[in-house]
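Start from the sequences, fold in the hints, and give me the full structure.
Listed in order, the protein sequences are those of chains A and B.
Residues in the first sequence are numbered from 1 upward in steps of one, following my numbering.
Residues in the second sequence are numbered from 1 upward in steps of one, following my numbering.
Treat the hints with care, since some could be wrong.
Unchecked claim - Only pairs whose alpha carbons sit at most 20 Å apart, straight line, appear in this in silico DMTMM-like list of lysine to aspartate or glutamate:
#1 A:Lys-112 - B:Glu-78
#2 B:Lys-291 - A:Asp-201
#3 A:Lys-428 - A:Asp-454
#4 B:Lys-35 - A:Glu-126
#5 A:Lys-395 - A:Asp-450
Hint data in this document are derived by calculation from the structure and do not stem from the laboratory.
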Amino acid sequence: MASTMLSVASASLSASLSPLENLKGKLKVGSAGLSFNKAKGNPFINTKSFCRISMVAAVNASRFESVTMAPPDPILGVSEAFRADTHESKLNLGVGAYRTEELQPYVLDVVKKAENLMVERGENKEYLPIEGLAAFNKVTAELLFGADNPVIKQQRVATVQGLSGTGSLRLAAALIERYFPGTKVLISSPTWGNHKNIFNDSRVPWSEYRYYDPKTVGLDFEGMVADIKAAPEGSFVLLHGCAHNPTGIDPTPEQWEKIANVIQAKSHIPFFDVAYQGFASGSLDADAASVRLFAARGMELLVAQSYSKNLGLYAERIGAINVVCSSADAAARVKSQLKRLARPMYSNPPIHGARIVANVVGDPALFNEWKAEMEMMAGRIKNVRQKLYDSLSAKDKSGKDWSFILKQIGMFSFTGLNIDQSANMTSKWHVYMTKDGRISLAGLSLAKCDYLADAIVDSFHNVS
Amino acid sequence: MSASPTSGFHADSVFAHIDRAPEDPILGVTVAYNKDPSPIKLNLGVGAYRTEEGKPLVLNVVRQAEQQLVNDRSRVKEYLPIVGLADFNKLSAKLILGADSPAVQENRVTTVQCLSGTGSLRVGGEFLARHYHQRTIYIPLPTWGNHPKVFTLAGLSVKTYRYYDPATRGLNFQGLLEDLGSAPSGAIVLLHACAHNPTGVDPTIQQWEQIRQLMRSKSLLPFFDSAYQGFASGSLDADAQPVRMFVADGGECLVAQSYAKNMGLYGERVGALSIVCKTADVASRVESQLKLVIRPMYSNPPIHGASIVATILKDRDMYNEWTIELKAMADRIISMRQKLFDALRARGTPGDWSHIIKQIGMFTFTGLNSEQVAFMTKEYHIYMTSDGRISMAGLSSKTVPHLADAIHAAVTRVV
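Here it is, written out as structure tokens:
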């Protein structure tokens, strides 16, 4: 009986249940034999013995007992599963991190040089301003728009350093929630898995526009334009600047013009996610063409940037949110409000990655070296695409046209495999990928193309 | 600005309705300081340590660790897991909870790397707003200026409990007990683990024990903000006592840790959130939910600062060197307190200034009002927050006399 009385003190842990219900729930005992009053409050709270009891009461049920186990992240969880697999032929085509032909992670030479310089200089580690490293903000906007772009010369871009692409998108989402309440963001179907989470957590409503056409394994351009046109005026339209994730399918320049037309006609606000500038085609300028096209029309727009892939700075979390406004005054006001959103999230951003970028982009020799390394990385991926296509064409006797692999661009390829077929890739062939059929070509070597082709052909034809 | 030929150009911006935000009150002090051309200006605003020469300090042991990292050719920059660097997390939990903590040994603690103290508080707050039944957090009056915004944006409702007593310039302990005593059962309570910011007023160990008993009796959930471990008294263990007392009774709590001050890693944004749970199973489920908060915020945390911390904490010699450098910083601040107190006494400045040597940590709550502060900025180029808080870390033997003159003038000429 004593232990039962002691445990009643813990009933106050759950404010919504009466002590008796709480007791039954937590200790799974019947109510027979317990005699205490069923008052809502804790019957023991005024007794002298309570303080002694509280020491022991502390060791009863957790306040977090009802917290359920969350499912693993669909993308990052793939790498965890891969690590656990001991099969010798396993292949990780899950997360989009560049690998060398030897399937090793790659730290760019220019990054090592920049870090050595930084250590030699012995710079301090003082807090950055809330908006981040000024030198970084300057070069990142110039890289994106071109240093001579009117939007830069007229100081119409509010640039705030963010935690890579995700953090920059999140700041933008927080700005939208606060200043455009109820306004929707239109996102492509499909899109990067985390986009929906970002808008959900920011309480920004979203809806999808058609994008991927499974019949052609290409762009459903008519559907895309129709859906953007049908959306309420003044919506935000999330666009992948280049190397669409997960499909690898980008609009052509002519299609971009038409997309810009319909966006302008509906007074929508373009919102670019640029995670692969330079990585898609190998050229920084070519990959920024879509953003620059919209900016050249005098439109106001948002652009989230990431240096995870193009500078291999994944774990340093370096990116930026840029808001192009119609005046320098508007840009200054927007920047001040982005700061007000960043401060209660993390106060100010991390310096290390920002300094690396500022050093690389700000030094002509390092900048040129960077461009060469980026061309090398993009080149390797293009070669792997070609080899995979060749292997598939050779091994697949059905006559299926695999050329969409060559038309897609960037780190990822949408294979067209469905959920069950993708599952077969993993369970039978130990090829790890996301269940939407996306493979990361950055994780593929020329040497493994034949094996992968076998896996894809088998999954496509023998699993439905 | 040129209008586009396709008539999509807005004469009005879609951002026309967005006002300019005022500067952050704390960080804005440095902005104002930087603009001032006076050669005698003094920045006592933001809490960043300065040497006797008034310079920022990077600890030797930090430079050593960084050199090691840069020289290690096997290091890569792959994404960390969502919860951050595993070594860093384990070592951080041990640092705050104690190496022999049963909670750690029983796997009842989930620790996730976050963006310094702010990030740890925000992630913890978001988690509680989603999964805890009582969405009210009680914060001390006064508290760090950013606390209310962090918790409000996290989705919690914020209330206050009495803390600072302007009459004594010490702790209003009776008021604290009354306010926590009348809080609803299960409410969250923010506690500054040591070196209360902005007042520098900490409860005694006996008072902490009373606070603990009261809180456990009402099932109030402790959420510690530990930003100054080792920096307050010079001893890492002493400064962790309040946290460890709560963990020792077997109860649950949250702890936000920052390495900004005690390792001088301000700009690297290194910190950790630990949630001490009743069981390992609960801790594991809680961790999975923390990941769902983090992934849509920034995906995974930055590697550099956490690697520096892990390198230092796991190497016995570097750890010892760290404790020595940490004590030196804490000692210098304590000596500045004494010097300022002596200087005010020497000037016969009216009032009791003993709170300067009684308060602990980086900050002193001078008791000066906002008019006096404005006067000191205008006439003496002293930059500080308008609540009368000064950062002792920004003082040196050379600048104490100037500050003492300014305080003396403010107290005698401005009421």
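Okay, the hints, checked on the actual structure:
{"no.": "1", "hint": "A:Lys-112 - B:Glu-78", "in the structure": "14 Å, holds"}
{"no.": "2", "hint": "B:Lys-291 - A:Asp-201", "in the structure": "13 Å, holds"}
{"no.": "3", "hint": "A:Lys-428 - A:Asp-454", "in the structure": "11 Å, holds"}
{"no.": "4", "hint": "B:Lys-35 - A:Glu-126", "in the structure": "18 Å, holds"}
{"no.": "5", "hint": "A:Lys-395 - A:Asp-450", "in the structure": "9 Å, holds"}
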